[in-house]
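Taken in sequence, the protein lines are chains A and B.
In short: position in the first sequence from 1, add 2, done, that's this note's numbering.
In short: position in the second sequence from 1, add 306, done, that's this note's numbering.
It should be emphasised that the hints constitute simulated quantities derived from the structure, not laboratory data.
Here the structure is a predicted model, which means the values were calculated and not measured.
Don't take each hint at face value.
Stated by the list, open to error - Subject to a maximum C-alpha distance of 27 Å in a straight line, what follows is the list of computed DSS-like cross-link-like pairs (lysine-lysine): (1) A:112 to B:473; (2) A:91 to A:283; (3) B:343 to A:173; (4) B:343 to A:171.
To be verified - Interface residues of chain A toward chain B, partial, derived using beta-carbon atoms under 8 Å: (5) 125; (6) 131; (7) 136; (8) 165.
All C-beta atoms in this analysis are idealised placements derived from N, C-alpha and C, irrespective of residue type, glycine included.
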Amino acid sequence: MGGKLTIEQLQLKANDMRQDVIHMLSAAGSGHTAGSLGMADILATLYFDILNIDPKNPDWADRDIFFLSNGHTVPIQYAAMAEAGFFDKNELLTLRKFGSRLQGHPERIKLPGLENTSGPLGSGLSQASGYAYSLQYLDNCKHRFVYTIMGDGELDEGNVWEAAMFAGKYKLSQLIAFVDRNNIQIDGNTEDVMPLGDLCGKWRSFGWHVIEIDGNNIKSIIDAVKLAKAITNRPTIIIANTIPGKGVDFMEYDYKWHGVAPNNDQSKIALEELSKEVELKDKSS
Amino acid sequence: MNQYIINPNIFDTDVELDTIRSGFGRGLKKAGELDNKVVALSADLTDSTQVGLFRDAFPNRFIQVGIAEQNLVTVASGLASAGKIPFASSYAAFSPGRNWEQIKTTIALNEQPVKIVASHAGLGVGPDGATHQMLEDIAMMRVMPNMIVIAPGDSIEAEKATLAIAKNNKPSYLRLAREKTPIISTNESPFEIGKAYILREGYDVSLMGTGTMTYQLLVAANILSNHGINAEVVHVPTIKPIDGDIILTSARRTGRVVTAEEAQIAGGFGGAVAEILSEKLPTPLLRIGVHDRYGESGQPSELIEHFGLTGEHIARKVEDFVRNTSQYHREY
Chain A
3 MGGKLTIEQL
13 QLKANDMRQD
23 VIHMLSAAGS
33 GHTAGSLGMA
43 DILATLYFDI
53 LNIDPKNPDW
63 ADRDIFFLSN
73 GHTVPIQYAA
83 MAEAGFFDKN
93 ELLTLRKFGS
103 RLQGHPERIK
113 LPGLENTSGP
123 LGSGLSQASG
133 YAYSLQYLDN
143 CKHRFVYTIM
153 GDGELDEGNV
163 WEAAMFAGKY
173 KLSQLIAFVD
183 RNNIQIDGNT
193 EDVMPLGDLC
203 GKWRSFGWHV
213 IEIDGNNIKS
223 IIDAVKLAKA
233 ITNRPTIIIA
243 NTIPGKGVDF
253 MEYDYKWHGV
263 APNNDQSKIA
273 LEELSKEVEL
283 KDKSS
Chain B
307 MNQYIINPNI
317 FDTDVELDTI
327 RSGFGRGLKK
337 AGELDNKVVA
347 LSADLTDSTQ
357 VGLFRDAFPN
367 RFIQVGIAEQ
377 NLVTVASGLA
387 SAGKIPFASS
397 YAAFSPGRNW
407 EQIKTTIALN
417 EQPVKIVASH
427 AGLGVGPDGA
437 THQMLEDIAM
447 MRVMPNMIVI
457 APGDSIEAEK
467 ATLAIAKNNK
477 PSYLRLAREK
487 TPIISTNESP
497 FEIGKAYILR
507 EGYDVSLMGT
517 GTMTYQLLVA
527 ANILSNHGIN
537 AEVVHVPTIK
547 PIDGDIILTS
557 ARRTGRVVTA
567 EEAQIAGGFG
577 GAVAEILSEK
587 LPTPLLRIGV
597 HDRYGESGQP
607 SELIEHFGLT
617 GEHIARKVED
627 FVRNTSQYHR
637 EY
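Isolated chain B (complex conformation) (with noise of 0.2 Å):
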């Protein structure tokens, strides 16, 4: 196993924060440098999603589309068959919201390997309401045959991660968000493509979290450990191909199963888990997120707390869950 190593100061009021895109954008800067195939195309939201950096560093290797998402993606094949290796940037709610079909026959069904990079994804966008609050692109990417879908913790795995994607040659979805969120592992932390890993370990229930979620995974159980529930936390940022090794170790270990993604759980990440635990280790799961309904405006602390996704949230809804499922608990 991996040894992944924590941010020591994960649980100190001062902990560092950072926006998950921005460590996108410092990766694709040093791809950029590590290989000039590298190419950023942008559609109008250049400094949000963080393209900036690379723009200024390689202006040749910038290429501006427009408000044209459906341009975007199918440009960006384009420039794949064409040898370059094309990182396409948007907001998710736009791409893949708004081009979809594009990104399947022209990419995925096509194998170029253009990487989809989908900042302010989940309810974090806040006061911009519903239509940019993203929460179905998990289930719609992960759907796709041929397609990588990553979600990293932080921006620190978010650097790794890009550097990753920008060397797969395959088509690959980065899930990223806006809002500063604490910094979970370290520059040492190991990442790979495929990979989850197990961030504490414990023996009564499994949490796993993808995204944002996993550090609000790693407060819940710490508030359980004070009423005594020994809680194990599996970070879980590539959704496929999705680590079905260790998440069937850890469920074998604890008898029971949370997943948590700040997005719909009907097809998304604890869609994901459901299916290799139904079909492997039947276990008892509970999956929190979003429960098929759309988010609204507001600051994003305020929906994170309506939506029951932070970690006290999560600690209460495991605790219930514990007590509910006991019959279940396997001895190790």
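Bound-form chain A, shown alone (with noise of 0.2 Å):
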């Protein structure tokens, strides 16, 4: 996707996603804040400097592939799709909303450019898994990459560990998973809910190479990935340590703030915030 964005506008581009998730969940009336707020750095970087990806040819034969496995944070994803132009900016106001394309879980079919339907936890990772098993083992395809983000409550699921043997079974290289680690769910605090306790051990016991990282920081988002593309006899997975509700500061941290939208007074509150962000860079460059 042509020329790179500098670590600064991708920084940018996440500020705006945000205030377009603010923006959207305000106009639907509900949704997941926290999480999409959190993963706006992740999917910022990856619309914009990792995936291989071309917004006006989504099936374009030769591109990686995301799949969004917690399907309740599309509204980050939308905003980076609609922010990388796969469709108008206005269409992001449709979400929720009846006749949109913009589902309140991910729908494939619905919109270009999505490659999976997820919702119902712990499916994303075996579905990578299985686009990356065929590119490795099928395919004789080695230049493209399988990325899927996980959330962390995600991971109370068993398929996802089922899906963790097999991918370390076969040493899915191309696969890259990210772990959204913010630690909260909707019954509250990860470690409460059900402790996952070792998280990079777990995944290095099934034998997949783990890279931990602030998933807020860009720089580490690119370097991880840059790794996983080097570890060339198994599947990586970067355990992302994200704020949930990043960005503004009344919901950081607070698991309320899973599955509501902000109200309109809210938001005005979580825009302003977002802008001033923005504003600071702009002086501090």
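Two chains, two separate frames, one set of hints: put the complex together.
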């Protein structure tokens, strides 16, 4: 996709996408705020730096593949897709509305550029593994990569660990998975609801290369993916520690923002805060 | 109407027997020869699901996922998005028994042409008992939008059905049985997804069967003819999309319908026929199958007997049904 953006430009993209998400969720009156904001830096980096994709030709045969597994965070993917030019930004405000292509949870058939249909948790890693298996063993295609993002709460699902074993067994080196490690899920903090414990150790023992990063640091995300691509004998999982609600002070770290949308007043405050971040950047540059 | 040629030896004591699943195994290998996009996945049941033939012929296109049915179908979904035609095989009790939501979300709603092949459906698993006797799968799969549902009547038809779903580019469910059952068709008999076939014409009652039950209906029709009842036998291998035209044509001719399946009648094949008849042509209906209960251990033949699914049992029930519904008989 064209010339690469600088780290700073990517940060601004992530900020734009966060603002998009606030607008979208506020207009929709429902949706998942915390995870969408927390994952903005990863999605911005994927869509504007990492993924080899063509927004004007979403089915391009030589593209990289991205499966969003925690489908409830799709507002941030829609924002990234609109910013990247898959569709007009105005359409973002149709999110969750009747007749919209932007369903509450992503549906591949509805919107070109989506690679899968998700919402019920735990299946994205398997689908990514199936695709990566095809590239590695059936298509002899070494230059394409398959990415997926799972939530940390999602790791409660058994299906995830079935896939973890599968990808480990077949050493699916073109598979690069992210865990959005924001420590929250609907009922509370992940370690209270169902402790994940030594997450890095768990994945390592399943045969994965494990990288732990600050998932709100774009340089770290880029570096982690570069490293993942260089690991050619096993799949890589990037445990991305993120701040849920990142960028909006009153939402950060609060699990109550997992599944609710801001009202008008809250949106206003959130958007002011996010715009300030841009001003600060402009001044420093 | 397609001319359906019944196996001429069907009522001989030494009628050829074969397992419906082995027809699938042969069909899968042929499908693999015809199209290198065909891949097969197994969840630790490769030989009993008859995927071994394919594995030996195309080891590079065979994928072992271990005892993980949720992963079985979701990996298959990923392979389909990469342009493959995946056949994901297990026992019906586990797939779709264990992984219905994954099938719905990642295959049916996602419109990926994965083939869910469920061996060992019905009571025929015998001694394994109720946990392994999948009787609910017809209902749960036919209620799923975008899903094709097929229960072949013998191994020859299973082979044809396998080749057909390899080419249909749609999510598809293939229901197979473990036990050897009589060959009812011939290589020349037609098979087309969505078509039902009249195997025997009659005018007193329409006996409609799917899967292993069609043979029992043919036996029942023979017995009934000795008792002065001329039964029509309709074989309905595709449960979804169901061939409403043939069902209505036959119901119109006879005025009475009996359905038979080795499954729960609630929501199953009998349910599908009931929906059509009650909306389009209200007709007295008798549904034969399993009535809201689980199976149990025993030899398959004992169980079929116990649940009243042999030709003899069916003939008796149909005789009563015909007698009790004499006022409904349509003269044509």
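So, going through the hints one by one against the coordinates:
| no. | hint | result |
| --- | --- | --- |
| 1 | A:112 to B:473 | holds, 24 Å |
| 2 | A:91 to A:283 | holds, 23 Å |
| 3 | B:343 to A:173 | holds, 22 Å |
| 4 | B:343 to A:171 | holds, 22 Å |
| 5 | 125 | holds, 5 Å |
| 6 | 131 | holds, 6 Å |
| 7 | 136 | holds, 4 Å |
| 8 | 165 | holds, 5 Å |
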